[in-house]
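Enquirer: Residue-level listing of the chains:
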Amino acid sequence: MTVLEQLTEAIKKGNRNEAKRLTQEAINASTGARQILDALVAGMDDVGRRFQCYEIFVPEMLIASRAMKEAMGLLEPLLVKAGIKPAFTAVIGTVQGDLHDIGKNLVAMMWKGANFGVVDLGTNVPAEKFIAAARQHGATLVGLSALLTTTMPAMKQTVTALKEAKLQGLKVVIGGAPITQSFANEIGADGFAPDAASAVEVARKLVAVA
Amino acid sequence: MNPYSELAITDPNDLRFGVSPKPLKTRRGMTIGGGIVYPELNFTLPNMEITAATMPDVLAEYRQMITGALSRAAELEPPGLVVEFETLPPMTQVPQWGIDVTKVLADAMEDAYAKHGLKSVLRATPNDTREFERPPIMRSGVLWENMLKTFGGCADAGAELLSIESVGGKEVHDEALQAGDIQQVIFALCIMGTRDMKFLWTNLKKVADRHGVKCAGDTACGFGNTAMVLAEQKLISRVFAAVVRAISAVRSLVAYECGAVGPGKDCGYENPILKAITGFPMAMEGKTAACAHLSPLGNIAAATCDTWSNESVQNVKLLGGMAPTCYVEQLIYDCRIMNAALAEGRDSALTLQRWMVKSDAGLDPQANVLTPFNSIEIAKAIVTAPDNYAAGKAAALTAVRLLRDGYAAGNLKLAPREIPWLDTIQNSVEEMPDNESKFIGQIMGAVDTSKFVAKDYLL
Chain Y
361 MTVLEQLTEA
371 IKKGNRNEAK
381 RLTQEAINAS
391 TGARQILDAL
401 VAGMDDVGRR
411 FQCYEIFVPE
421 MLIASRAMKE
431 AMGLLEPLLV
441 KAGIKPAFTA
451 VIGTVQGDLH
461 DIGKNLVAMM
471 WKGANFGVVD
481 LGTNVPAEKF
491 IAAARQHGAT
501 LVGLSALLTT
511 TMPAMKQTVT
521 ALKEAKLQGL
531 KVVIGGAPIT
541 QSFANEIGAD
551 GFAPDAASAV
561 EVARKLVAVA
Chain D
73 MNPYSELAIT
83 DPNDLRFGVS
93 PKPLKTRRGM
103 TIGGGIVYPE
113 LNFTLPNMEI
123 TAATMPDVLA
133 EYRQMITGAL
143 SRAAELEPPG
153 LVVEFETLPP
163 MTQVPQWGID
173 VTKVLADAME
183 DAYAKHGLKS
193 VLRATPNDTR
203 EFERPPIMRS
213 GVLWENMLKT
223 FGGCADAGAE
233 LLSIESVGGK
243 EVHDEALQAG
253 DIQQVIFALC
263 IMGTRDMKFL
273 WTNLKKVADR
283 HGVKCAGDTA
293 CGFGNTAMVL
303 AEQKLISRVF
313 AAVVRAISAV
323 RSLVAYECGA
333 VGPGKDCGYE
343 NPILKAITGF
353 PMAMEGKTAA
363 CAHLSPLGNI
373 AAATCDTWSN
383 ESVQNVKLLG
393 GMAPTCYVEQ
403 LIYDCRIMNA
413 ALAEGRDSAL
423 TLQRWMVKSD
433 AGLDPQANVL
443 TPFNSIEIAK
453 AIVTAPDNYA
463 AGKAAALTAV
473 RLLRDGYAAG
483 NLKLAPREIP
493 WLDTIQNSVE
503 EMPDNESKFI
513 GQIMGAVDTS
523 KFVAKDYLL
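Chains Y and D, in that order, give the protein sequences. Per our numbering, the very first residue in the first sequence carries number 361; after that it's consecutive. Per our numbering, the very first residue in the second sequence carries number 73; after that it's consecutive.
Chain Y extracted, bound-state conformation:
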């Protein structure tokens, strides 16, 4: 098994010491930053797939995600030097008036694992803050979460405000317990993620057509 294959395996197992050691070994061997990154993402993709198939739980995925984070800490200077950026940047938050954040946190974790740049604005986020963050970070995706029926109007207002801001190529994906595809259609959101497990796929599809 090559070092990069071993690195992928270490991520799958969530072994962060091993992931760090192998990343450093690959760097020392002058392996390209892109190749190392691809090995890490391949590990997380597998973890995401097993999570989606209900083979593992969030804590196991979180352990893998932490291993990837440690490895990325070593790799990041090389990525910057090589001009390699995250696949794209996403801004995520729970809409104004709503404090629920577990679903939003899970989506953020899934997106980070897929090597999206993620700016997490937290909960109770007003529309203008989403717009400012999307503009500041050159985001291509905004993720909005709501758990209450009474904050669904705030979601609609945020989507409308984001569309009116005319940020180039920006796509908006929404989710949360009371949210449906028909609500997404009604308020003009570009995508709807029914759960955290599907959020990566939904985001990738949206950005691919952006």
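Hints in this document: simulated from the structure, not taken from any laboratory. For glycine and all other residues, C-beta sits at the position ideal for the given N, C-alpha and C. Each hint should be verified, as a subset may be incorrect.
Stated by the list, open to error - Covered stretches of chain D (in silico footprint by chain Y; criterion: 3 or more residues with CB under 8 Å from a CB of chain Y, positions within the stretch not fixed): (1) 106–114; (2) 348–357.
To be verified - Computed from the model, here is a short list of chain Y residues facing chain D with C-beta under 8 Å: (3) ASP461; (4) THR510; (5) PRO513.
Knowing the structure of chain Y, use the given hints to seat chain D on it.
Expert: Relative to chain Y, chain D alone:
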């Protein structure tokens, strides 16, 4: 001194629906826990904004909900009805809005009594809005003051029972669930949570006394039910969620130590354990709360209930009528069966209870920890522990032992991926120090302390 150093109910056959050692009498003459199970209806707004401009519409919506539900209830003649008004956050942030809704509900309930003789009691559950600040300011500030104003105002407007779904400790608990970290769960529930509960419920008791109403109880909804919903979505282990439920009883118990008298809040699935400890009546919700959230506890939840709730339903039109009207009917029929069994005597009640328990307990660990026998085992572990920290550890280890026993005896089905979690949890709890202050010293280095105000938790 801890008022609960021994159990109020020690025999599993005495831990059953409709009967509590310390029943609660209401102004209208309902005796909750006195041999009858009462329906407890809760409803909420459909998709709409709550602002000063929309408040007339909000009040009209609540008026429609309560009038429709009471009208149907009067036709079905239940022995009484509990109505719960769980405010939406703006109604606690602007106390007058919550008070206005309370008045609408209380007036309609008085009207139904005058016209139809329908006895009812109103439970008000203002939001714990302290978490609107991040990190939450738990012991002062406008949000806290408005919470207290809402409680007092709702009491004056006709709410006889006060409850809350408090959030102290949630700052750490959410991440602990995602990480599957039982030590952080115990820190959040049994150290942060219990300390906040003591502060909160001491103050709520003063409000209740000042306004001549009762403190009913709290719930670990934001903790145990978050775990349950995550487990239901296959995001975390069901075994882990079951153990969280057992530990959560330590936190919810503090409300009763501070003067709450039941009925415990409906979404507190830890209530069977609390009923065994305190002897106070408890609200429960199960199959008839699927309108609000799914659960693996549909039948077993009723096994020890004194009021039977639907948790919450939006005011939407169903084929049978508006949803709150449909749900009051469902609850009343659920209660009729339980009350028919109670009327036949203890043996019939125990037979029905056995079916409720048997139909769920073998299929999910979260149901399994709530059988009357297991609830009493966990309750015993809690009351014999010297402090809340030790109680949390004891509850966790007892729950793991009961689940292992159930699985080994073939009485509990567990998916293969669940099994390693029993060892993970047990090993993690057994690694914890005996001493609370030593544990706090360790855990404060592991949790994200930027997410909470340590001094508000006396840390």
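Enquirer: Answer holds if the nearest beta-carbon of chain D is closer than 8 Å to that of Y/ASP461; otherwise answer violated.
Expert: holds (7 Å)
Enquirer: Counting residues of the stretch 348–357 of chain D that have a beta-carbon nearer than 8 Å to any beta-carbon of chain Y, does the count reach 3?
Expert: violated (count 0)
Enquirer: Quick check on Y/PRO513 please, does its C-beta sit within 8 Å of some C-beta on chain D?
Expert: holds (5 Å)
Enquirer: Taking beta carbons only, do three or more residues of the stretch 106–114 of chain D come closer than 8 Å to chain Y?
Expert: violated (count 0)
Enquirer: At a threshold of 8 Å, is the proposed contact between Y/THR510 and chain D supported by beta-carbon distances?
Expert: Holds, because the Cβ-Cβ distance from Y/THR510 to chain D comes to roughly 5 Å (cut-off 8 Å).
Hint compliance for this structure: hints 1 and 2 are not met, and every other hint is.
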